[in-house]
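Undergrad: One-letter residues, chain by chain:
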Amino acid sequence: MAFFDFIPQTGRRTLLTIPNLGAASRFLLSSLWNIFNRHFSMQQLFRQIYGFGVRSLILMVVAAFFTGMVLGFQGYYALVRFGATSALGTLVALSLLRELGPVLTALLFAGRAGSALTAEISSMKATEQLSAMEMMAVNPLAWVVAPRLWAGIIAVPILCAIFDLVGIFGGYLISVPVLGVDGGTFWAQMQSNVTFSGDILTGLLKALCFGVVVTWIAAWKGYTARPTAEGVGNATTLSVVTASLTVLGLDFILTALLFS
Amino acid sequence: METRAIDWWVGIFVLLGIAALIILALRVGNLSGFAYDDGYVLHANFNNVGSLKSRSPVKIGGVTIGEVTHIGMNPKTYMARVTMRIKPDIKLPIDTGASIYTQGLLGEQYIAIQPGGMPQNLKPGATITMTQGAVNIDQMIGQMVFSKAEGSSKSSGNQ
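Keeping their order, the protein sequence lines are chains A and B.
Using full-length UniProt numbering, you'd call the opening residue of the first sequence number 1 and step up by one each time.
Using full-length UniProt numbering, you'd call the opening residue of the second sequence number 1 and step up by one each time.
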């Protein structure tokens, strides 16, 4: 009869999605609001920014560098047929600033920092550290969750700006010295086609949204994990999968909203 | 890790982010393009601006001396009205001409200024009257094909 369980299971899950989403939203807002709680610690916030931001830097820089170089190669291959290699700078810069920078930063961040965040919070739950805090009248949302959420929200746009810059530099290194595109044209075309508010800032705005979503999903999956060893593992997997898919879906909506 | 060291690292991280944003703004987004803010405004009417855009360059002999700030339309004459900003140290005589050219075959379009020889200079807000609009490649090819066809029919008629 296991097969027939599938049908009521689907209905039950669908119905549960709506109150879960509400509970997750309440969790997000009350955690963010807890920045004003007296148990919110700036030292914790800095510690988390260090863990999420500074320790992700090398990963981001290496990923950005190679992404930029590949963009340079592939863009050149496509453009050289039309004799339009002068547009290579524009192609590399716009692809990175608008799409690849924010999305890849968010995906890497979900894997590098989001998974660790989920594992940390869910194992705190499994070892009843969160309950212990409540016993001591310390709100775990203020002490544990809020610094991590704010750290993610602050770190992702900064990582994205660094990703964009390093990626464009990587694209430049392949285009100009290796493939022989004229350096002056590369920068001039880029500058005449990239706008500060329309491309750079909206890209960073995207990164900010992704930062909120990735840390939110990671913290929520950790906070609602079943308090067992298996639950911690499941929550960590689900956190990365859900965050990555949400980033990709949200990217489509944000692109349609911001760049149309 | 010690709290002091963490503060240092986070500070460096935030500074790196701000530096990246500034470099992006200046080197990639060309915020310094607003360097023409202190320039003066000139107008020019064209019958066809082609694919000229705001922020297209204005050049004399290939040297950029300003940029297009606005492209409008005169509803009475049906001419395109281009507003541009010119560097303040460039003074142009009143019989100056303006044409729209293309960089290379498919490149972006720009306004080329041909300075005249009159002693008086254009005042800020003045309009350049001697203009030549963008060349429409489709039209040119059409004319060429037409004239070829005409020429060959004439030569065959003479035989």
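Keep in mind that the hints were calculated from the coordinates and are not lab data.
On a predicted model such as this, the values are computed, not experimentally measured, just so you know.
Certain hints may be false.
Stated by the list, open to error - The calculated label-pair distances, taken between Cβ atoms and stated as ranges, are: (1) 229(A) with 19(B): 52 to 58 Å; (2) 77(A) with 23(B): 46 to 52 Å; (3) 70(B) with 78(A): 45 to 51 Å; (4) 252(A) with 151(B): 52 to 58 Å; (5) 245(A) with 48(B): 45 to 51 Å; (6) 5(B) with 112(A): 19 to 25 Å; (7) 14(B) with 25(A): 40 to 46 Å; (8) 132(A) with 14(B): 32 to 38 Å; (9) 93(B) with 58(A): 58 to 64 Å; (10) 141(B) with 80(A): 21 to 27 Å; (11) 152(B) with 252(A): 36 to 42 Å; (12) 70(A) with 48(B): 30 to 36 Å; (13) 150(B) with 80(A): 56 to 62 Å.
Stated by the list, open to error - Chain A is faced by these chain B residues, among others (derived, beta-carbon under 8 Å): (14) 10; (15) 13; (16) 21; (17) 50.
Even glycine gets a Cβ: it sits at the ideal position worked out from N, Cα and C.
Undergrad: Would you mind marking each hint as holding or not holding in the structure?
TA: Structure-based check of all given hints:
1. 229(A) with 19(B): 52 to 58 Å: Since residue 229(A) and residue 19(B) have Cβ atoms about 44 Å apart, the given range 52 to 58 Å is violated.
2. 77(A) with 23(B): 46 to 52 Å: violated (28 Å)
3. 70(B) with 78(A): 45 to 51 Å: violated (34 Å)
4. 252(A) with 151(B): 52 to 58 Å: At 56 Å between Cβs, range holds.
5. 245(A) with 48(B): 45 to 51 Å: holds (49 Å)
6. 5(B) with 112(A): 19 to 25 Å: holds (21 Å)
7. 14(B) with 25(A): 40 to 46 Å: violated (29 Å)
8. 132(A) with 14(B): 32 to 38 Å: Distance hint for residue 132(A), residue 14(B) holds at roughly 33 Å.
9. 93(B) with 58(A): 58 to 64 Å: Holds, since residue 93(B) and residue 58(A) (Cβ atoms, about 59 Å apart) stay within the stated range.
10. 141(B) with 80(A): 21 to 27 Å: holds (25 Å)
11. 152(B) with 252(A): 36 to 42 Å: Once the Cβ atoms are compared, 55 Å apart, the range 36 to 42 Å for residue 252(A) and residue 152(B) is violated.
12. 70(A) with 48(B): 30 to 36 Å: Violated, since residue 70(A) and residue 48(B) (Cβ atoms, about 41 Å apart) do not stay within the stated range.
13. 150(B) with 80(A): 56 to 62 Å: violated (39 Å)
14. 10: holds (5 Å)
15. 13: holds (5 Å)
16. 21: holds (5 Å)
17. 50: violated (16 Å)
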